[in-house]
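We have chain A already, so just place chain B on it with the hints.
2 protein chains.
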Amino acid sequence: MYNQSRVVIENISPLINSGVLPVRSIVDEAVPVSADILGDGHDIVAACLCFKHEREKKWKEIRMLPSENDRWHASFVVEKQGFYRYKIQGWIDPGLNWQHGIGRKLEDGQHVNSELLEGAEILEGLLESVSRDEKTFLADCVTSFRHPGAYDKAVHMAVSEQLHQLLVKYPTKPLFNETAEFDVYVDRLKARFSTWYEFFPRSASETEGQHGTFKDCLRLLPRVAAMGFDTLYFPPIHPIGEVNRKGKNNTTNAQPGDVGSTWGIGSKDGGHKDIHPQLGTVADFKKVVKAAEKLGIEIAMDFALQAAPDHPWVEEHPEWFKWRPDGTVQYAENPPKKYQDILPIYFESKDWKNLWKEMLDTALYWVEECGIRVFRVDNPHTKPFYFWGWLIAEVKKKHPDVLFLSEAFTKPKVMHQLAKQGFTQSYTYFTWRNSKQELIEYLEELTKTDQRYFFRPNFWPNTPDINPWSLQGGNEAIHLSRYFLAATLSSNTGIYGPVYEFMESAALPGREEYLDSEKFQIRHWDWEKENKLTTLISKINHIRKEQRSLQQTNNIEFLSVENDQLLAYYKFSDDRADETMMIVNLDPYYAQNGWVQLPLQSMGIHPGHRVTVTDLITGSSYHWDKEWNFVELHPALPFHLFKISK
Amino acid sequence: MYNQSRVVIENISPLINSGVLPVRSIVDEAVPVSADILGDGHDIVAACLCFKHEREKKWKEIRMLPSENDRWHASFVVEKQGFYRYKIQGWIDPGLNWQHGIGRKLEDGQHVNSELLEGAEILEGLLESVSRDEKTFLADCVTSFRHPGAYDKAVHMAVSEQLHQLLVKYPTKPLFNETAEFDVYVDRLKARFSTWYEFFPRSASETEGQHGTFKDCLRLLPRVAAMGFDTLYFPPIHPIGEVNRKGKNNTTNAQPGDVGSTWGIGSKDGGHKDIHPQLGTVADFKKVVKAAEKLGIEIAMDFALQAAPDHPWVEEHPEWFKWRPDGTVQYAENPPKKYQDILPIYFESKDWKNLWKEMLDTALYWVEECGIRVFRVDNPHTKPFYFWGWLIAEVKKKHPDVLFLSEAFTKPKVMHQLAKQGFTQSYTYFTWRNSKQELIEYLEELTKTDQRYFFRPNFWPNTPDINPWSLQGGNEAIHLSRYFLAATLSSNTGIYGPVYEFMESAALPGREEYLDSEKFQIRHWDWEKENKLTTLISKINHIRKEQRSLQQTNNIEFLSVENDQLLAYYKFSDDRADETMMIVNLDPYYAQNGWVQLPLQSMGIHPGHRVTVTDLITGSSYHWDKEWNFVELHPALPFHLFKISK
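Protein sequences appear in the order of chains A and B.
All letters in the first sequence, in the order written, are residues 263 to 908 by the numbering used here.
All letters in the second sequence, in the order written, are residues 263 to 908 by the numbering used here.
Calculated from the structure, these hints are not laboratory results.
From a predicted model like this one, the values you see are computed outputs, not experimental measurements.
Treat each hint with caution, since some may be false.
Claimed, not checked - In silico lysine-lysine, BS3-like type, Cα no more than 30 Å apart, as pairs:
no., chain 1, residue 1, chain 2, residue 2
1, B, K431, A, K612
2, A, K452, A, K888
3, B, K319, B, K556
4, B, K615, B, K673
5, B, K612, A, K397
6, A, K530, A, K619
7, B, K599, A, K431
8, A, K367, B, K673
9, A, K435, B, K599
10, A, K584, B, K367
11, A, K600, B, K435
12, B, K314, B, K431
13, B, K349, A, K612
14, A, K322, A, K435
15, A, K599, B, K415
16, B, K314, A, K367
17, B, K367, A, K781
18, A, K801, A, K698
19, B, K535, B, K584
20, B, K342, B, K322
21, B, K658, B, K807
22, A, K435, B, K584
23, A, K673, B, K415
24, A, K673, B, K397
Claimed, not checked - A few chain B positions that, by computed beta-carbon distances, are all more than 10 Å from chain A:
no., residue
25, K397
26, K477
27, G633
28, Q679
Glycine residues also receive a C-beta, built at the ideal position from the N, C-alpha and C atoms.
Extracted from the complex, chain A is given alone in its bound form (with noise of 0.2 Å):
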């Protein structure tokens, strides 16, 4: 309760549960800091943000400075990835306050014998901090200050511009109040820019009816690396179980010859550490890693915790799993749903220590013995989350590259939470928000609340598990624009790739769900087709490659525009050398036109500046010297991508 201190900092943000969990933040980004700073009485506050990465000794120092309303701001840029910390510093100010109240009383005509004597005692202090030439001009003020013939040359130094960047560069805070330290952890830009594709390593044969291989894989890498994704995502490439194996279409009586989910992991042939033998050898798979990585590809493992009834742990850590009463263990329910090929794992289980241990060593497994640097998490939300924020930690404790993607379409908060124990990214509802209000609504969420600094969405227009009621119908314009909406709204995106590619988009009677889904089959691709859209989603890749504006979610800026089927955005780079505008034609049957408004204040522009937009999809340029312009969209071509010129 002793503090002599006469500053306040409180309200400070950005913090995650008031600081508990760390801020989220990417290499080169500024974290934007601020906090409520106040002072008792009339004196001047001054603040400081500290920072430092984990591994530094010495805190770097920036000065924060007030808006309106006792708010403080500063920003610090994070250059490495791991733990930042940051802490802010309020005094109030001897040096500048001196400086001001003398400043006041010579404009009212007062004379300062005695003020400038507390000056020189000021000065004095600060004459063993500052460097030579400083020193030589600070004596000199000191010695004017004390010398009463030099009254006229005190004053003018007194109140010099000089002396006081000198006093703000060393200031003596007496007294200071720091705010306990917060912690900011920096992932490598993938975590927030990244462009996935998926798709089934057992159905990437050239011969239908053949059981893919990795060996088919190295073949199509080449073919995802020429379309600009950047990461390939497997689901899990783990031994099938054999007992209460699922049939097609997710029957529960699997026929000879069925290959069940690839979810329903572990076998005779092994569990998370092992390859279903049909697919190749761990050799093979690491070939396949290898292979990707010199196309610039990442590899996204599944890390999917549950077990198929035959998987190896039932019998080796029957305390994993949970027996009920009349022995038998007990099966994955959601009352009365039940899910007999499938065994939860039992993270009550009184051996719960052991039990993470392994689910960390097998993610650890797969990153130190393959190179896995990204993983694909099943159903987070389904398992405590605790759990994931330890595992998650120590993984990047030792390997901070590694970035965790959390499949989890569930509750808000739910979802919220995942991330904020760690997850890198997050699928989102993106899936389902189709209207012009509906998305717009649904990214000011994302990117203008508290989530922008722990939740990162990563946008599917599809997954294997959705086949969402708007793609149903297997329109072009359709999957044109979603995968358009997906990859230009944010900077992570990713397609269920074949199905999506070749629109096949039949489902099961009423539901958002594939029929004869390769979560339960195998389906037979002609990788060799080319359509509109295996080009412009190939074109929209390459140009977010190249186009800084695109690489980042949260620079959005929706801009006006006169028709509720169309859908406009500006984005920018942070030192604005790259801005983007698109417009997106949201009705997939009929062409849409309107008035769109330019952003001339962020893009820092008057009405009447001329500037030029070229369509990156199709070359076409336009100068526009209005605030307000006209576009048509066609559903054969739904969207415009403007690279601005000014």
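Just chain B now, kept in the frame of chain A:
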């Protein structure tokens, strides 16, 4: 980092500064607590709010209930003064999950033999905790669940409401999670409901030109009581400095006989623990406090931490003041302004701990020697925030009854910080909020944001320091409506009395300050005079004592009126047994009329339901059976104070 719990509890409300500072409440109030509470997977989460008074050992528990979006709620009633503590527990509830699951499976037509065995195990765990009757029932359940022949009975008991209630009543809370503990400070009712009158004892004499005394104050007490005030605040009653004493109207050249500012404390006659000799003795003052108490009035003392140059502290504790290099003492200043009759306390002193202690001793002296239980603190924002946090806490540790009113008319966050540090009540911007829109916006901020948990407003239409523009004309209607607004918008209210009652609103030219202010000279008042203001202020005060709905501030709801000069609002006691509705004409010159919308939903009635509204000022009753009702108010009596009967 290791936490096996499957439940996360976050975003807890109410918290002040993440729980570092206590929330405020009042004896018998309910504290509404809410939090986001999340479990993984599909299991049923349960949660409880635990609370206790600081002097109790055992926590009491109240079950929390979810509303929408994983938000959970409960509230607890604080019954005693002092600190309460609360925390939240959450867990995955095995009993409720089991009952929910078995119910869903039965509805689905499944057999549940295995589930009954599970249930038997769960219920056996409860047998030790329950009452004798409950034990009989539970034992019967266990037996039936295990008896294959009793399937129908077992199933019936398994899903029974009786069993459900027991599962709720005796949760086992395996792997529960728990928040930190948070403080709520509880004050006596007066902190929320008080009616203040201020006059200068030195102006209390019956004889013009004579210095008033405490004996004169004794004479005036019945008048104050008759007008319905319960708190009588005296500006400082300590010896007044003679060095650099201020003259009339704040002039610096005091003439012989000038009495000086009562806030220029300290002279050869003593300091903060002494009484100004012309007022009387400590014994006389005690008589006033006691006589007031008998009339239901508490004397509020001024606590003004500053010193005249001849204050005994200056000689006894020179280190408590700032000395300049030229050997002179530092006067109060706000450059270029100087206040030479006042020395500020030097809180940066090396001897600060003794300084703090003396300030505390001063407050305790008046509490313990004279029974003072209310302090009005002068300019607290020019002393360190943490000093107040410490001083108020120390006083309240020994004397929880003592209340502190913060006289800080300054920047909003500074005013809020003083409240957070412990001030019981605060002066507000009400003094300058005149229009309908300003009043609604300000009240919404005070009562609907987190300010409601720490900032208790006290509405004053005037003070000796503030003669607001609105009152300077001396218009009667505005004096009537401003007091009415203060006293019915806010449950804490006060006036600087005689000046207000007698509408003596002459100002220094161009300033919001009184001409011939009592701050610097003695005034003579005709205390026998009665006018419409004295009559109506008395009436309003007495109505406030009767109507519980007017004894709190946060219970306000503004009503629609289709006239910008008419302000209408509704208030209710917690049990809705008392409901009032106020309508005010803000125009001091013209009659205004319009249609007021009854708050049907809040009142729990339907349109067409007839209500009787009785104006407690005039006694007139109206029967209203429509949602919108016509009112007209004249400046002669510019308000209705309706009591609502249904």
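Hints, verified against the model:
1. B:K431 x A:K612: holds (26 Å)
2. A:K452 x A:K888: violated (38 Å)
3. B:K319 x B:K556: Distance of about 37 Å is beyond 30 Å: violated.
4. B:K615 x B:K673: OK: B:K615 and B:K673 at ~28 Å, within 30 Å.
5. B:K612 x A:K397: holds (29 Å)
6. A:K530 x A:K619: Holds, because 23 Å separates the two Cα atoms, which is no more than 30 Å.
7. B:K599 x A:K431: holds (29 Å)
8. A:K367 x B:K673: holds (24 Å)
9. A:K435 x B:K599: It holds: about 26 Å lies between the C-alpha atoms, which stays within 30 Å.
10. A:K584 x B:K367: Between A:K584 and B:K367 the Cα gap is close to 19 Å, so the pair holds against 30 Å.
11. A:K600 x B:K435: Holds: A:K600 and B:K435 sit about 26 Å apart, inside 30 Å.
12. B:K314 x B:K431: Holds. B:K314 to B:K431 sits at ~19 Å (cutoff 30 Å).
13. B:K349 x A:K612: Since the Cα atoms of B:K349 and A:K612 sit roughly 27 Å apart, the hinted pair holds (cutoff 30 Å).
14. A:K322 x A:K435: holds (15 Å)
15. A:K599 x B:K415: Answer holds: A:K599 to B:K415 is near 25 Å, not above 30 Å.
16. B:K314 x A:K367: At roughly 56 Å apart (the allowed maximum being 30 Å), A:K367 and B:K314 break the hint.
17. B:K367 x A:K781: Distance of about 27 Å is within 30 Å: holds.
18. A:K801 x A:K698: Satisfied, since the Cα-Cα distance of roughly 24 Å is no more than 30 Å.
19. B:K535 x B:K584: holds (22 Å)
20. B:K342 x B:K322: holds (15 Å)
21. B:K658 x B:K807: OK: B:K658 and B:K807 at ~27 Å, within 30 Å.
22. A:K435 x B:K584: Holds, at about 18 Å.
23. A:K673 x B:K415: With Cα atoms ~38 Å apart, A:K673 and B:K415 exceed 30 Å; violated.
24. A:K673 x B:K397: violated (39 Å)
25. K397: holds (21 Å)
26. K477: holds (38 Å)
27. G633: Nearest chain A Cβ is 26 Å from B:G633, so the label holds.
28. Q679: violated (6 Å)
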